[in-house]
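UniProt numbering numbers the first residue of the sequence shown as 1 and each following residue consecutively.
Don't take every hint at face value.
To be verified - Simulated crosslink set (SDA-like; lysine to any residue; CA at most 20 angstroms straight-line): (1) Lys-47 to Val-134; (2) Lys-47 to Leu-37; (3) Lys-47 to Pro-200; (4) Lys-47 to Ala-29; (5) Lys-47 to Ser-203.
To be verified - Beta-carbon label-pair distances, calculated as ranges: (6) Ala-67 to Glu-39: 51 to 61 angstroms; (7) Arg-30 to Val-61: 30 to 40 angstroms; (8) Ala-35 to Asp-129: 36 to 46 angstroms; (9) Asp-129 to Ala-67: 33 to 43 angstroms; (10) Ala-67 to Arg-30: 28 to 38 angstroms; (11) Gly-147 to Thr-213: 38 to 48 angstroms; (12) Gly-34 to Asp-129: 36 to 46 angstroms; (13) Arg-186 to Gly-90: 51 to 61 angstroms; (14) Val-122 to Gly-191: 42 to 52 angstroms; (15) Ala-67 to Arg-146: 19 to 29 angstroms.
Since the hints were derived computationally from the structure, they do not count as laboratory data.
All residues carry an ideal CB built from backbone N, CA and C; glycine is no exception.
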Amino acid sequence: MSTIEEPTAGTVPGLYPFPVPGRRIAAPARPDPGAALAEARRSAEEKAAEIVRLRWQVAEVAGDELAECAQEMAIRFAAGGRLFAFGNGGGSTDAQQVATAFLHPSHGLSLPALCLTSDVAVLTALSNDVGFDVVFARQLATLGRRGDIALGLSTSGGSFNVLRALEEAAHLGMLTIGLTGDQGGRMAGLGLLDYLFVIPSSSAHRVQEAQATVYHVLWELTQRALGVSPPDTD
């Protein structure tokens, strides 16, 4: 069996799971195409069924709260409020999508929204000069005001910089919304969020897929609360 030797140059490990310099790993055997396709189909069907189940579960448990949250968001937008979204990794990507959906909709009203990971200069300056734990909180302390909206995403509910930002938002009098997974983590224990939507899954992938549904529902319901009826997006 052929082997691949990992590079030994440099002093910093590569991307996780942090390969050990000099360790030899076996090259994977070539799979049977038929078996691989069958496994891919089985896995896809299983994951699709799981995400559908999660979405229905969230709708049943939090449907009324989603509608109420959207109404509160609409009130703040109508009064001149702005939406700030933030998260790490995949949560950062979702936060960018949240801001894009509200600010640049394909239809409906354009509403003021900003993702706090979009400005690399600000993000790296705060990380380097102050600390990564406050990269979102410091931005809210400068940009946020009473009547704005803060939406933080964390699949685990334990992202410290997200929690610090939500605490700062609450201190400023902003509407605070948290999206998390599993049992809510530390985010559920904050006790200061106006709305918390927990996706009951330990899989980060399924959590993020269901969170995407949650924030798109919030967008649509907010548009409707502001008097706009987006077309059916099914």
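Each hint, compared with the structure:
1. Taking the CA atoms of Lys-47 and Val-134, the gap is near 35 angstroms; set against the 20 angstroms cutoff, the hint is violated.
2. In summary, the hint linking Lys-47 to Leu-37 is supported, as the alpha carbons are separated by about 15 angstroms, within the 20 angstroms threshold.
3. A C-alpha spacing of about 15 angstroms is found between Lys-47 and Pro-200, which places the hinted pair at or below 20 angstroms, so the restraint holds.
4. Among the hinted pairs, Lys-47 with Ala-29 is inconsistent with the structure: their alpha-carbon atoms are about 25 angstroms apart, more than 20 angstroms.
5. Between Lys-47 and Ser-203, the direct Cα distance comes to roughly 11 angstroms. Compliance with the 20 angstroms bound is thereby established for this hinted pair.
6. Against the hinted window of 51 to 61 angstroms, the Cβ-Cβ separation of Ala-67 and Glu-39 comes to about 40 angstroms, which falls outside the hint.
7. About 45 angstroms separates the C-beta atoms of Arg-30 and Val-61, a value inconsistent with the hinted range of 30 to 40 angstroms.
8. Distance hint check: the CB atoms of Ala-35 and Asp-129 are about 53 angstroms apart, inconsistent with the given range 36 to 46 angstroms.
9. In this structure the supplied range 33 to 43 angstroms holds for Asp-129 paired with Ala-67, their Cβ-Cβ distance being about 42 angstroms.
10. Checked against the given bound of 28 to 38 angstroms, the beta carbons of Ala-67 and Arg-30, roughly 52 angstroms apart, lie outside it.
11. The hinted range of 38 to 48 angstroms is not satisfied by Gly-147 and Thr-213, whose Cβ atoms lie roughly 27 angstroms apart.
12. Remark: the range hint 36 to 46 angstroms for Gly-34 to Asp-129 is contradicted by a beta-carbon distance near 56 angstroms.
13. Distance hint for Arg-186 and Gly-90: a CB-CB separation of about 18 angstroms, inconsistent with the stated range 51 to 61 angstroms.
14. Between Val-122 and Gly-191 the Cβ separation comes to about 29 angstroms, which falls outside the hinted range of 42 to 52 angstroms.
15. A beta carbon spacing of about 24 angstroms between Ala-67 and Arg-146 agrees with the range 19 to 29 angstroms that was offered as a hint.
Of the hints listed earlier, those the structure fails to meet are numbers 1, 4, 6, 7, 8, 10, 11, 12, 13 and 14, in rising order.
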